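Novice: Residue numbers for the sequence shown follow our numbering, beginning at 1 and rising by one.
A portion of the hints provided could be inaccurate.
[Stated by the list, open to error] The following label-pair restraints were derived from C-beta to C-beta distances:
#1 E93 x F113: 39 to 45 Å
#2 T146 x I69: 25 to 31 Å
#3 G166 x K86: 43 to 49 Å
#4 K110 x T167: 16 to 22 Å
#5 P174 x H70: 27 to 33 Å
#6 K86 x E187: 18 to 24 Å
#7 N218 x S134: 24 to 30 Å
[Stated by the list, open to error] BS3-like mimics (lysine-lysine), calculated; alpha carbons at most 27 Å apart, straight line:
#8 K61 x K224
#9 K215 x K86
#10 K191 x K85
#11 K142 x K101
#12 K191 x K53
#13 K110 x K217
#14 K85 x K101
#15 K61 x K92
#16 K217 x K100
Keep in mind that the hints were calculated from the coordinates and are not lab data. Just so we're clear, the structure is a prediction, and the values are computed from it rather than from any experiment. Even glycine gets a Cβ: it sits at the ideal position worked out from N, Cα and C.
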Amino acid sequence: MIFVKSKFKLVVLLVFLLAGFMIAVQFQSIQKPKERDTRDTWELRADIQEQQKTQQQLYAKIQQAEQTIHQYENDSVTQTTATLKKSVQALKEEAGLTEKKGNGVVFKVKPLFHEEMDDTDVQVFPTLKPELLSRFINELNKYGATEISIANERVISITPIRNVNGTIYVNNHPLPPIPFEIKVLSENPEKLLSYMEYSSIRDYFAIENINLLGKTKNEIVLPKYDQEIHFKSIHLQEAEDVNGE
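With these hints in hand, go ahead and build the complete structure from the sequences.
Specialist: Okay, structure coming up:
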């Protein structure tokens, strides 16, 4: 019985650790930026819509957590353990810590034009800027993307996209040179692709001599997020079982 209680406390701790992490990450994303805001009206409007969506998601998570706690209080130890395991798995999937499969769109990022070369020339491919890539991800999220991977790197809430000595890093890994693929899962892939084909973001890619070729596909497989997650800002107290022991 002592072993069961210890295992139960460990599972409870893991659930609230993951839940606290996800809420802390989303709360951090809506804080006021330290740098001077230089975004245009279009970008500000899109950001406001995204923050409203994030707020609604947080309210939904709070309601779901309250329902789960109520269920724990009325279940037996065995039933509660099963519910906790199910909650842990759901939180892992939502945080991007598991492989994900589903229908979606595959975008091929490739040069728009190829320059003619002689035997002594070296092929130079266009360079994708991190700001443009971040804006593309925002567009995808705006139009119904649920999960994203870039060149086999899973994109989650805390994924950094930055330029290091002329190379774009995603999840602290350098992206390969163009061409590569961006895979997107969506509940309505056709609608997502239609929006992106008429989005002005394609013009910005064209300016950089980059073409986006999107195609809907069934059973797309996205890898799990494989980086270490630090919980520096999350403080937990020792969990108690449903009987308060």
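Novice: Hints first: check each against the structure and report whether it holds.
Specialist: The hints, checked one at a time:
no. : hint                    : in the structure
1   : E93 x F113: 39 to 45 Å  : holds (41 Å)
2   : T146 x I69: 25 to 31 Å  : holds (27 Å)
3   : G166 x K86: 43 to 49 Å  : holds (46 Å)
4   : K110 x T167: 16 to 22 Å : holds (18 Å)
5   : P174 x H70: 27 to 33 Å  : violated (47 Å)
6   : K86 x E187: 18 to 24 Å  : holds (22 Å)
7   : N218 x S134: 24 to 30 Å : holds (28 Å)
8   : K61 x K224              : holds (22 Å)
9   : K215 x K86              : violated (34 Å)
10  : K191 x K85              : violated (35 Å)
11  : K142 x K101             : holds (21 Å)
12  : K191 x K53              : holds (19 Å)
13  : K110 x K217             : holds (19 Å)
14  : K85 x K101              : holds (21 Å)
15  : K61 x K92               : holds (14 Å)
16  : K217 x K100             : holds (14 Å)
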